[in-house]
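> Starting from the structure of chain A, add chain B where the hints point.
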Amino acid sequence: SQQGEEDPQALSIQEGENATMNCSYKTSINNLQWYRQNSGRGLVHLILIRSNEREKHSGRLRVTLDTSKKSSSLLITASRAADTASYFCATGNRGSTLGRLYFGRGTQLTVWP
Amino acid sequence: DGGITQSPKYLFRKEGQNVTLSCEQNLNHDAMYWYRQDPGQGLRLIYYSQIVNDFQKGDIAEGYSVSREKKESFPLTVTSAQKNPTAFYLCASSIDGSQETQYFGPGTRLLVL
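Read top to bottom, the protein sequences are chains A and B.
In terms of our numbering, the first sequence is residues 1272 to 1384.
In terms of our numbering, the second sequence is residues 20 to 132.
Next comes chain A alone, as it looks inside the complex:
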């Protein structure tokens, strides 16, 4: 399979706690992206990390990439009820002729007030 796999499938936490989601993949990549989807809506791009980068921050989001382990993690700090959504990783695979992204199945995050 060329797509990433998120872990866990579902995560439930209290407001104020940190949420960590992981993505593993099997091929060599050019970049890895994280997207968020609220129920019944389209996906929204959160952050892109390139294969030569190890860590990236955006507001309360922190993404790490370990190409030797073929894995990435998304950390949301001080979570809020509004962070409740599904989170997907997507990989831009090296050698992909179409320039396409491969999406995982997502982690469903629920943040309780």
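The hints are simulated quantities; they were obtained by calculation from the structure and are not laboratory data.
On a predicted model such as this, the values are computed, not experimentally measured, just so you know.
Fair warning: there could be bad hints in the mix.
Claimed, not checked - Here are some chain B residues the structure puts well away from chain A; computed CB gaps all over 10 Å:
hint, residue
1, S26
2, T39
3, S86
As the list claims (entries may be wrong) - Pairs of lysine to aspartate or glutamate residues, derived as DMTMM-like cross-links and limited to a Cα-Cα distance of at most 20 Å, are as follows:
hint, chain 1, residue 1, chain 2, residue 2
4, B, K102, B, E81
5, A, K1327, A, D1337
6, A, K1297, B, D78
7, B, K89, B, D115
8, A, K1297, A, D1337
9, A, K1327, B, E119
What the hints assert, rightly or not - What follows is a list of derived Cβ distance ranges for each label pair:
hint, chain 1, residue 1, chain 2, residue 2, range
10, B, G82, A, R1312, 21 to 27 Å
11, A, R1325, B, D49, 28 to 34 Å
12, B, I114, A, K1297, 23 to 29 Å
Beta carbons: idealized from backbone N, C-alpha and C, even for Gly.
Positioned in the frame of chain A, the structure of chain B alone reads:
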């Protein structure tokens, strides 16, 4: 406002009927994509267009057809050959056909009567 619009929000299909889902973007993006989303299966690529008058099949193109006559528009037709069309359909665009950020529309939910 720049963005991607999809219509209708909900669509009902009868047996043997072809239906067309609309996708329009005013972001001046070259590349456009159609994905199908089923519960627990993430996003699967149906068709992809890198430039006007050109498109390629994705992983699940059977039973679907597209056209790309204008840069702004990438309609998807779900034909009667698609035996299990009930799903959430997402259209996306990116600035070019590379593996950069994709911008998603709000989606169309297709239901079979």
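> Please flag the earlier hints that this structure goes against, numbers listed from lowest up.
Hints that this structure does not satisfy do not exist here, as all of them hold.
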